[in-house]
Every structure is written in C-alpha cells, then in structure tokens.
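Generate the whole structure from the sequences, applying the supplied hints.
Protein chains in written order, with our numbering: chain V, 5 to 207; chain X, 35 to 281.
Among these hints, one or two may not hold up.
Stated by the list, open to error - Derived pair list, reagent style DSSO-like, types lysine-lysine, alpha-carbon separation capped at 30 angstroms: (1) V:K61 - X:K120; (2) X:K275 - X:K238; (3) X:K192 - V:K101; (4) X:K91 - V:K25.
Since the hints were made in silico from the structure, they are not lab data.
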Amino acid sequence: MIGIIDYGLGNLRSVLGAIGKLGFQGSITSNPDELAQADKLILPGVGAFGDGIGNLKARNLIDPLSEIVTRDRKPILGICLGFQLLAEHSEEYGDHKGLGWIPGRVRRIDPGPQGLRVPHVGWNDFEPTRDCILFDDVPNPALFYFVHSFYLDTDAETAVGTCTYAVPMTAAVQRGNVFGTQFHPEKSQQHGLTVLKNFLERA
Amino acid sequence: MLRKRVITVLTLNDGTLFRTKLFTPDYRYTLNFVDAWSVDEIVMLDVTRGDSPDRQKFFDAVSTFAGSCFVPIAVGGGIRSLEDVKLYMDAGGDKVVINSGALERPELITEIAEAYGAQCVVLSIDAKQNGAQYEVMSHAGSRATGLDPVSWAQVGEKRGAGEILITSIDRDGALQGYDLTLSGAVAEAVSVPVQVLGGCGNWKHMVSAFEIPGISAACTQNIYHFTEQSISSAKKFLAKKGQPVRV
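Here's what the structure looks like:
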C-alpha cells in the first residue's frame, strides 16, 4: 500500500488515480499509524509553503513522518509543493522552516532581465545531471509538466536533474530514500507515469 | 525550453458537454474526442445556469477526466468561495478558473492564492468589443462591468492570479482567429502567463497568437472537427512553423 499524505492541500485524487492506473493501491491518509505501515509514501502538493508546513504541524504529522523517513528510511516522493517541503527553508511569503530532509532553500523565480513570466507553467525538458532510478526508461530529454513560482536551490549531490527557464532550476532530487520532483509526474503523461512507476517499483 | 501550450476548453451544462457560439450552448458532443495524449492541458467549465445549480454531474465528469487524462485540469464555473475551490479541487482539478466570482469580490483571488498558491488561480476575463474599446463582461457575458480588460488583468495579477485567460466574446465560435489586439494588450500589461481563447478556426490562428510575446497558451473549444489526430496535427503544424510545442 502506498500512503498518500493528506495534509489538506494538493491534488491528492490525481496522484491516487495515477498510481491506480499503474496497478498500485494507494490510501489518502493523515493517520500516522497508517503511514508507518505503508510501503512507500507520497507527499503531493499544490499550494503555498507556509500553509503546507502549517497543515502538517496542525495534523501532528511532522514528528511521525520524520521518524518514518529519517529513522526507518521509508522511501518518500515529494511532488511540487511536497518536493519543496522536503527542504530546509523557504522564502515563500515570509521565511519558513521546512522538513529539512534534503539540504537547500526554496526561492522565488527571478524574472530577470528577460522579464520571464512567473509562475513557470507548462511542459519543459528534464535534463539529468546524475543517475537516479526515477528516470530509468525515461528518454533524455523528456518533457514534464511544471507549475511553480518558487524553486529549490540545492547542492549537486542532492539534485538529479534540472529544467531550464532562462536559468537552470532543480527539477528532481534524491538523497537516499528521499525523492522529489518539482514537476508533476501524475500530470506528465507517459513519462510522468514512468517516473511514478520507477518510484513504486524500484525505490 | 518551456513549450507553448495547446489547451482544450470544455464547457459542461448539467454534466453534458456543449460547444458554444456567442456564449450560447450550440452543439452537443461527447467526451471521446479529447486526445488524452496530445493535449497539454484541459479546462473544464460548468456553465449550468440557475441560482444554486446542482454541480454533482459536473464534478463526476471532472473525476472521469482526472482518472483517464494525465494532464493538468483547470476547473471552474460558479466559484465564489474557498469552500467552492475545495469542492472543485477534490473532484480532480489541479487549478481553478475564476471569473464572475472575482469581479464580485476581488479578494477571492487573494484568498485562493494564499491557500493554494498563485499558480492555482487562473483569472478568466471575458471581454466584449465596443468600438475601439473593450469591456469586461461578467456572468457568462451577460452583464457589463464597465471595467477595461487590461486594467482588470493587472488588478488580478496584483491580487495573486497566476495566469490570465483572456476570451473574446465576439470571437466565440466565429472560427475567424483570436482577437490579437485584445490578447496582445493584456499579455503586455501583465507578467504572468496569458492564455487566449475565442475564435481559433485553424492552426495558423494558433501560430499568430504564439507570435505575440507573453501568450503562452492557445485554447480551443469549438474546433471540434478536432479528432484524436487533429490535436497532434496542430502540434506538428506549429512545430513546422518554428513554435516550441510538445509534439
């Protein structure tokens, strides 16, 4: 069973639908015992960082999740906001402390001299920077769906690939059992489903 | 490189898909034509009229799509509050489209942006041409607001909208091309991505829209002689014309 962490934000149904399509059973839950028993966890997300962390706190999920992820080393996949929540800090509407399972800070995308449109919305190329099982059987380059105004600034040992929106931004990470994608694999057609499948089968 | 998007807009009345002409339901069709693999994004709007219409059939249709199309789905039609947003998102939406609700109460834009992030809010603006001017219309094009679409788009951006969907009411169903004056003016005035709707009759119209800086998505609704092949044929045509699209 795949535990989809319910913290009141995020397109949980889309994630559940995608893993169902891949033949896996998911459970949308905020019950720590159920999450502890799950084979793997997914932390989805559509929303604002402060609300995300606030909601995890309000549901008393931070300590149990930290145990499951950092002590028991259960594989977890963070998606979009869920991916950013894995980081140490965020500058989204104030300064927020994140889960801290991967190094780095979440910063606002700088429109720069070109006057980039923010949010970064749409299909963009994933460019791998090092091997990661999430991208097994995914062609290089491959397109994924991104929608975000903030990006994760992390180190080269954590990032596994980038996407370029005038400048390269972290598009996916792995640190041990902690995986994350800035893009939405559940919304990225066949390549996205492959990434999810790899997490479900190989992580 | 970020690709330009081709978006399919679906209007549903009491759970049934309709295309529209001049904002009036015109012709009924089925769900099967949406090419799940070529379309970049889907917009689903509930246009069921009435004071408190039953939206369950619409939500069921959204859930059906969410279960079979693994692309983003924007949902809207009648959203007035954060409680509404939750219902639309729970049905399977990834972001919401707001229009009259934001005109009635612009704070709604900020409330959604604060709770779900700006990227979750698409501000839809319906504009009608009046001589050389344009006017924002609310309630499915039926009520004049006195607002100018360019300044309303700027207000919407300031309040937290992550994208603007600009629709020409006059071009709806006309298949004569997008109103590039209107959409170009809006795109120039804001720094969020702009989607354009109303009037697409052939692939060249999409090329013309994408040649305007800041237009990042071309939406189609009525071009449904669109068969499964034709979204991908649109993409191939756009690619041949040098437009970065996901083929």
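- Query: Which of the listed hints are broken here?
  - Reply: Violated hints: none; all satisfied.
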